[in-house]
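Q: Single-letter residue listing:
There are 4 protein chains.
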Amino acid sequence: MPATDFFDRKNPVVYEGTESRDPLAFRFYDKDRKVMGKRMEDHLRFSVAYWHSFTWPGGDPFGGETFNRPWMHGGDALELAKQKAEVAFEMFRLLDVPFFAFHDVDVAPEGASLQESNDNLKVITDIFAEKMESAKVRLLWGTANLFSNRRYMAGAATNPDPDVFTYAVGQVKAAIDATHRLGGANYVCWGGREGYETLLNTDLKREIDQLGRFMSMLVDYKHKIGFSGPILIEPKPKEPTKHQYDYDVATVYAFLQKYDLTKDVKLNIEQNHAILAGHSFEHEVKLAFANDIFGSLDINRGDDLLGWDTDQFAMDVKEMALVFHEMLKAGGFTTGGLNFDAKIRRQSIDPDDLLIAHVASMDACARGLLAAEAMLADKALTGPLEARYAGWDKAENKAMLGGEMTLEQIADKALSLSPQPRSGRQEMLEGVVNRYV
Amino acid sequence: MPATDFFDRKNPVVYEGTESRDPLAFRFYDKDRKVMGKRMEDHLRFSVAYWHSFTWPGGDPFGGETFNRPWMHGGDALELAKQKAEVAFEMFRLLDVPFFAFHDVDVAPEGASLQESNDNLKVITDIFAEKMESAKVRLLWGTANLFSNRRYMAGAATNPDPDVFTYAVGQVKAAIDATHRLGGANYVCWGGREGYETLLNTDLKREIDQLGRFMSMLVDYKHKIGFSGPILIEPKPKEPTKHQYDYDVATVYAFLQKYDLTKDVKLNIEQNHAILAGHSFEHEVKLAFANDIFGSLDINRGDDLLGWDTDQFAMDVKEMALVFHEMLKAGGFTTGGLNFDAKIRRQSIDPDDLLIAHVASMDACARGLLAAEAMLADKALTGPLEARYAGWDKAENKAMLGGEMTLEQIADKALSLSPQPRSGRQEMLEGVVNRYV
Amino acid sequence: MPATDFFDRKNPVVYEGTESRDPLAFRFYDKDRKVMGKRMEDHLRFSVAYWHSFTWPGGDPFGGETFNRPWMHGGDALELAKQKAEVAFEMFRLLDVPFFAFHDVDVAPEGASLQESNDNLKVITDIFAEKMESAKVRLLWGTANLFSNRRYMAGAATNPDPDVFTYAVGQVKAAIDATHRLGGANYVCWGGREGYETLLNTDLKREIDQLGRFMSMLVDYKHKIGFSGPILIEPKPKEPTKHQYDYDVATVYAFLQKYDLTKDVKLNIEQNHAILAGHSFEHEVKLAFANDIFGSLDINRGDDLLGWDTDQFAMDVKEMALVFHEMLKAGGFTTGGLNFDAKIRRQSIDPDDLLIAHVASMDACARGLLAAEAMLADKALTGPLEARYAGWDKAENKAMLGGEMTLEQIADKALSLSPQPRSGRQEMLEGVVNRYV
Amino acid sequence: MPATDFFDRKNPVVYEGTESRDPLAFRFYDKDRKVMGKRMEDHLRFSVAYWHSFTWPGGDPFGGETFNRPWMHGGDALELAKQKAEVAFEMFRLLDVPFFAFHDVDVAPEGASLQESNDNLKVITDIFAEKMESAKVRLLWGTANLFSNRRYMAGAATNPDPDVFTYAVGQVKAAIDATHRLGGANYVCWGGREGYETLLNTDLKREIDQLGRFMSMLVDYKHKIGFSGPILIEPKPKEPTKHQYDYDVATVYAFLQKYDLTKDVKLNIEQNHAILAGHSFEHEVKLAFANDIFGSLDINRGDDLLGWDTDQFAMDVKEMALVFHEMLKAGGFTTGGLNFDAKIRRQSIDPDDLLIAHVASMDACARGLLAAEAMLADKALTGPLEARYAGWDKAENKAMLGGEMTLEQIADKALSLSPQPRSGRQEMLEGVVNRYV
Ligand SMILES: [Co+2]
Ligand SMILES: [Co+2]
Ligand SMILES: [Co+2]
Ligand SMILES: [Co+2]
Ligand SMILES: [Co+2]
Ligand SMILES: [Co+2]
Ligand SMILES: [Co+2]
Ligand SMILES: [Co+2]
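So the protein sequences, as listed, match chains Z, E, F and C.
Going by my numbering, the final residue of the first sequence carries number 437, and the count climbs one at a time with no gaps.
Going by my numbering, the final residue of the second sequence carries number 437, and the count climbs one at a time with no gaps.
Going by my numbering, the final residue of the third sequence carries number 437, and the count climbs one at a time with no gaps.
Going by my numbering, the final residue of the fourth sequence carries number 437, and the count climbs one at a time with no gaps.
To be clear, the hints were calculated from the coordinates, so they are not data collected in a lab.
Bear in mind the structure is a predicted one, so any value in this text is a computation, not a measurement.
Treat the hints with care, since some could be wrong.
Which copy is meant is left open, so a pair is good if it fits within one copy or across any two.
Calculated lysine-lysine pairs in the BS3-like style (CA-CA distance at most 27 Å, straight line) [unchecked claim]:
#1 LYS10 / LYS31
#2 LYS394 / LYS258
#3 LYS34 / LYS398
#4 LYS413 / LYS122
#5 LYS224 / LYS413
#6 LYS31 / LYS379
#7 LYS379 / LYS131
#8 LYS379 / LYS242
Throw the hints in and build the complete structure from the sequences for me.
A: Below you can see the structure in the form of structure tokens.
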């Protein structure tokens, strides 16, 4: 069949308003609607992820393929990759999204050698480039898959074998070259195998130093080729290896400081990875902004009752509203976007499940954005927050924080104080949020 | 009754060898035995924690006091504190431990004002100083409790109210003064309330900056008074507040770098806090050494199936063996020690339960130390580890890490490689460890 | 001060509609509004819990009292209990709730002997009875606290000491007598200390048999005194002891079957306990209905990122909507209700925090109920569900389930089949739910 | 290569005593040594699992095959299955184990139809039968894989589609027939897909009823064909689906009671599944014995810090010692055994990693057994346990449990009591255990 027949639908999904009951219509995502002076589309910067939607066959640790996509069976690998590209760009068009993202091996088959893999990637890059001339979609980011092949089973940059390190460098160069060629807004690193299963066979210090060197070289190369976007690291605490070196935002921040990378490397933060690390998504986003290392978001949702990365489509409006509330306060995205690092459940085997999942989640995000805008307009949360810290605006208190007083001077002052606690008003604020979502 | 009658026993616990069946004898802890050239006692540097053993009444969230200690009821608070001190020093003597550790409010009652609290602390400090003239026990560290009093319910250094910050400074000054006076080897900060329950009422960035300032002042003061030991921060991911700012070793390392504190501030690492953060104890210890911020250990054990800090006595020889294996490789303690941040179960209401718990755990630690010594002597783990990374010793590979090659040069080299994975040998190494424990 | 001055407010909270911004007005809870033919109040059957709101002082494992309620300090214990009752009934009036619930020790102080405790309870029961003559509020349930006193540290019914078992029986008799006298609709058992911390000192089989006997006697007694409501067991997986014998709905169901109690004993299900056991609230509710052991609900919310019982006020409309969807399908409450087993955060120290928290959560529940009603009216979820299982309506398939075919006959039939999977449509259904909440 | 060349080794692993350093020698497992009057081999009844050792290629959710076993590539599926059988029986011989276990699809390839699958299974069954004539190894159990094929993605017995139910019946019949033919001691059911991902598309009650019917038919069939061993259900709380219907021992016990299956169906308990459910292995084993539904063990170890089934080789002697302590008290295995449901890490790619892992774990089990024997001989744990419950031996206390006293009579007796708590002695007992392991 022609790939464009994969989906029944021929026309892009459009905004129909809140009364629509069509699962293939937007109820809240109205791309041209202005939110705080900017188009919704420009705020949300949605991106479709190639891997989950087009490369994953629906397997899990207890069962194989369920999706049976035509481009996954039979025929020449490169030809199948081209078919896949047709379907992918068709879906970008139908969803009317401004961005997509990919790993090298999502889009082009690995060859028998690095050279062959690089050649395959170039073939596909050419096809993408041509398609993008007429399509709306842009590249949010590219990345290299340094974790699936068995050569990386003990790490890529952090491998005990320097040849694997070397090979990984070769693969990353090709991936960032492809990303650059396609005008990617960012380049992402996810350290799938950078971590360890047991310290019995691992020299943690040595391995993290290797990773530091690897990232530094990548930053140098990015400058050399004039790639203007940031390098992004995506933290994840566990899976595949037990102890990942990029555990969470704070861990990556420590790493970036140690190897002097805070200027060029930022973070790509994922909801599911946040909760696997014991944090909320909002915590991770806020911490990144606080330390000036925010980059982009992998939007999805984990299952709070499960200990692994379920990468479900984000559907919780309240969570989105609070994240966008932080985002809007901090100025929103620059190069980043909302990348759907989300997969339909393996039982969702119909082609339109793919579309419906994206549409439903885009709508949940849009609704969250609108709620955030309204909360900001009303100062519903920011007002009480400012009031709570107002004491620090007094000159004498500013002086303490400004380093103008010694510990002894402050301790002296303390002798005359008997501070009384004030209510934190958590339930009241939770009720306020419920007014907006 | 005289406090010295609290325990039935009059003589210190002694080493009797592995055949002993007396729960109040050491089977492995033989303090003068040499381990890699140093006395066991000097390796292990055991410390008794005042709070769990003498101040905690046995309550939990669903029930009150179970221990009914005589010094917790009736009479004048300061008099009871003196009684408590008698029992504490009696226990230090019976266990023959070289160290103890305390919070200000463990040892002396809070007064109606900061001045009165400070005065109470001075009274007790004098008593301790006098006792320590004739006792063996030294002070491993002191600390201030900035979390129990309701004034700290929204944080101490990170409180929205500058008066609370001020008060905390006052309390910390008194606590470090007392620690210094008693010759403490370290001063510890545990950020009990430095964290948040909900971002709805919290300005995370501002609060962490407050904490940075607080720590900087403390470091300045430490230098001023000539306190030579390090300031230690004890990471903990949750409890009491939901998101603690000192989540784990990596988080604290990021904080120390940001506020330029890595030289003066080190880490006090606790097993139970490690696992609450999703790490192993060994991981946290190794990460601290790797980043040159290791300080001391709070030795205990959490329950892997529970989500809160159970602070049980460490009894797992294998875990200890692997931690000491890392410790010995890294040179062991300098100012730090093994502080029993461990409490007997609330059903363990007999006085000798207190002694037995310490003895059993000291023995498990000693046995772990001996196993670590033997593994090192045999190069049982270090040998295979070195072999695994041996490829990096080659000049051309060192050059990659040394920054002498660009990404492009390495990528070129990759084109001729096809690296093959080598077995990680995890089960074999696990079997090796079982030979020693 | 007169207890009625504790709250600033004098008039009950009323429904003002969705546009209201008053945290002390209902936006969705409109008690007389008909939902599927029944008044909202009669559907929701809200109940205030005495313990969290009036007895808990705001302490946590790391800090003491924060609330400083007037009835917790100074004076005679019984007099303070009377003051507390004044405030409690005032709050019932202000919230206009139809029910409340209590433990014996919440309402009356423990005496120096069981007799004295019983006498205290009778004094308070008399006061409650008198107040209830003129108040709207009814008793949803009473219960005995068999976990706080140190005598119960190793269990009540499951204690190794038969005298503790005996004492617990005495206490429970007084509590069910009081509940009966006040017209309680149910009697609840929560097995706080029925469980174990370590199998090293525990005979699990023997202890569960003790619990079986205990419950059987209670059922006999209930019939004898003519108490018509069910006995309810409240499952909880952990806290206070590590392994609770009433882990979850399935565990209690196994217990009830073993001791032949399914007819008289039903379940009181709590959201926070559900998630601590690794389930969703909805799962536990549905499982109870499926096995005909549903009784009542403790409505609250746990923190998905924490491992202990936070008992926060339920604020998640979507979760409520799905639970009420199940409830409405199964016919709703009979004797049960929505009991707020929820506590304000310990930083919420103002009296009106108590009111606001209940109001905000009542509103979230009401909104969930309305969403459930709408989904049912539209058959939004029930329609697709019926369609999914429609194959089982065929006679030949019914025959398989009806026991009319042997395994061999069915196996024969299988030889001619090649069943094809159908999409589970999860994302589509999630999108549907988002239309209603 | 001939399959017997897969392992370098030609001679079975033998017992060499504790001084051996050979990872391919037993240090504790001395099969003929008598333990409480029975040979070690007869106590431990070790079984090798076909799936992990011979069928799993080393993939995980983030990467594919690492092992590259010769029988997994190229050639006819049935021929490869025969090669695999050669290697498997060679490993049984080398490990000198008395048992093995398998799923239908582990040993024989699925065909294009059920008939073809059945035929394949018969071919392999014949080969096994022939091999078993001369080999020592017996079949511990067989089972059907009702979870990997996409037809089962929404459940097997619990599928919304009756045709899938039917197909599953057909597959199970073939699997139990094969098991019976090979003299299997048990037949196992693991409900991989019996559970649900979302209640939005699931009728839990209906599905559990389907499962009840399925199991009843299987029991009828077992009797009909004269299969004398029990049917075993293996509980697991999560993975693959979110909510498995066989959550834990208690859940399965509730199920067995409801459908009147307790006589014919017992439990196969796995360590990793126990901890995923929030329990200890020991808890699950003890609960099964307490309810007379103990069957067999899947011996492995989960990672306490990870939320999924890691199925590592059991290496913890203390855990084994405590489990065997319970086992020995309860009389040990009848039809069951210690089946290694354990897989080597995906980095353990050398053939001898397979052998070493089994040997190391067999040794850990043997050492645990010896420790349990010693503890029992000394009454180290049983003595204190009996003493703790001794009060219940008094006639008047027995009368309470025997149902000879009413609640009122016991409550009367309570009025004269003031029971005092006794120490639980947990730390002392933990120290005792450390003397034996
Ligand atoms: Co991601
Ligand atoms: Co993810
Ligand atoms: Co600690
Ligand atoms: Co702790
Ligand atoms: Co409750
Ligand atoms: Co609760
Ligand atoms: Co298993
Ligand atoms: Co498993």
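Q: Now tell me, hint by hint, if it's right for this structure.
A: Right, here's what the structure says about each hint:
1. LYS10 / LYS31: within (19 Å within a copy, 49 Å between copies)
2. LYS394 / LYS258: Cα proximity of LYS394 and LYS258: across copies only (26 Å, versus 36 Å in one copy).
3. LYS34 / LYS398: Answer is neither; intra-copy 38 Å and inter-copy 55 Å both fail.
4. LYS413 / LYS122: Intra 68 Å, inter 19 Å, cutoff 27 Å: inter-copy only.
5. LYS224 / LYS413: between (55 Å within a copy, 19 Å between copies)
6. LYS31 / LYS379: within (25 Å within a copy, 31 Å between copies)
7. LYS379 / LYS131: Neither. Shortest intra-copy (45 Å) and inter-copy (43 Å) distances fail the 27 Å Cα cut-off.
8. LYS379 / LYS242: between (43 Å within a copy, 25 Å between copies)
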